[in-house]
Amino acid sequence: MRTELVSEPGVPARPNEDFASVGLPASGQGGALVVLDGVTPPRGETGCLHSVPWFTARLGGALTELTVSLPDVPLADALARAITRTAEAHSQTCDLSHPRTPQATVVLARWSAETVEYLVLSDSALLTESPDGTITPYLDDRLARLPRASLATDALIDAHVRNKEGGFFTAAADPSVAARAVTGVLPRADVRALAALSDGAARWVEKFREGDWEDLFRFIRKEGAWALVERVRALEAADAEERTYLRRSKTHDDATVVYVEF
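For what it's worth, our numbering labels the leading residue of the sequence shown as 54, then goes sequentially.
To be clear, the hints were calculated from the coordinates, so they are not data collected in a lab.
Estimated spans, in silico, between C-beta atoms of each pair:
| # | residue 1 | residue 2 | range |
| --- | --- | --- | --- |
| 1 | Gly277 | Val64 | 21 to 27 Å |
| 2 | Lys275 | Tyr298 | 21 to 27 Å |
| 3 | Ala232 | Gly97 | 25 to 31 Å |
| 4 | Arg241 | Ala290 | 36 to 42 Å |
| 5 | Ala66 | Asp243 | 39 to 45 Å |
| 6 | Arg262 | Leu209 | 26 to 32 Å |
| 7 | Pro127 | Ala287 | 35 to 41 Å |
| 8 | Ala291 | His213 | 32 to 38 Å |
| 9 | Ala66 | Ala197 | 28 to 34 Å |
| 10 | Arg245 | His151 | 40 to 46 Å |
No farther apart than 35 Å at their CA atoms in a straight line, the calculated lysine-lysine pairs in the DSBU-like style are these:
| # | residue 1 | residue 2 |
| --- | --- | --- |
| 11 | Lys303 | Lys275 |
| 12 | Lys303 | Lys217 |
| 13 | Lys303 | Lys260 |
| 14 | Lys217 | Lys260 |
| 15 | Lys275 | Lys260 |
We put the CB at the ideal spot given by N, CA and C, even for glycine.
Based on the provided sequences and hints, a complete structural model is requested.
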């Protein structure tokens with residue numbers, strides 16, 4: 054098995070808000086990966102004493118343990134348990150009902166000798182490669198499908214679309230959000246490799262149009278996960294002044310790639 058994990062902050066002086074892990078049980082059977090992309094809040098009150106990296110470390114650590122130690126628990130249930138555990142860690146000190154309470158996008162995958170399970174919540178991405186070379190993206194595209202007018206201001210997002218019916222969902226403090234995730238189970242024989250990416254790494258496709266998901270997957274397999282992050286950084290730097298592609302987005306975003314080849 055080949056595994057690669059790269060996670061780099063968008064700005065070296067700021068903490069990385071992403072989280073990534075690969076768990077391989079001591080039995081040697083199967084494994085799991087976790088990728089979280091912490092949501093950077095706008096300036097202002099969040100109702101919480103804790104940082105986004107604190108939250109993603111707590112949630113990611115819980116998911117790493119639960120996906121590996123409880124292989125018979127569906128991924129959505131594991132996410133719900135991890136959210137509950139993380140919420141309990143700061144419910145006495147923080148207002149977890151605040152719309153900007155720390156939160157994250159989620160990608161989970163878990164494989165055994167028979168199956169590959171997956172879960173995607175919000176705008177990170179999971180790609181799988183079949184034995185014949187077909188690349189399939191598994192995406193939660195609810196945020197991308199929203200009208201731009203509904204995302205015009207932070208106040209509109211908080212009031213009408215963030216973790217709201219008809220909007221988009223992230224892992225915050227409500228465990229019921231796990232039921233909103235895109236989930237599925239594939240035969241292990243139909244998957245020979247997979248890649249999970251935070252949206253900072255997925256910019257290669259979604260912002261800069263360097264290729265499609267198939268091109269991106271083949272780039273990672275040939276050049277490596279670190280090469281993809283380096284390429285994204287070069288594209289971000291080239292666009293820093295013109296803002297042709299990034300527009301309202303931050304110039305540099307945290308970028309995480311996990312690649313697993315069976």
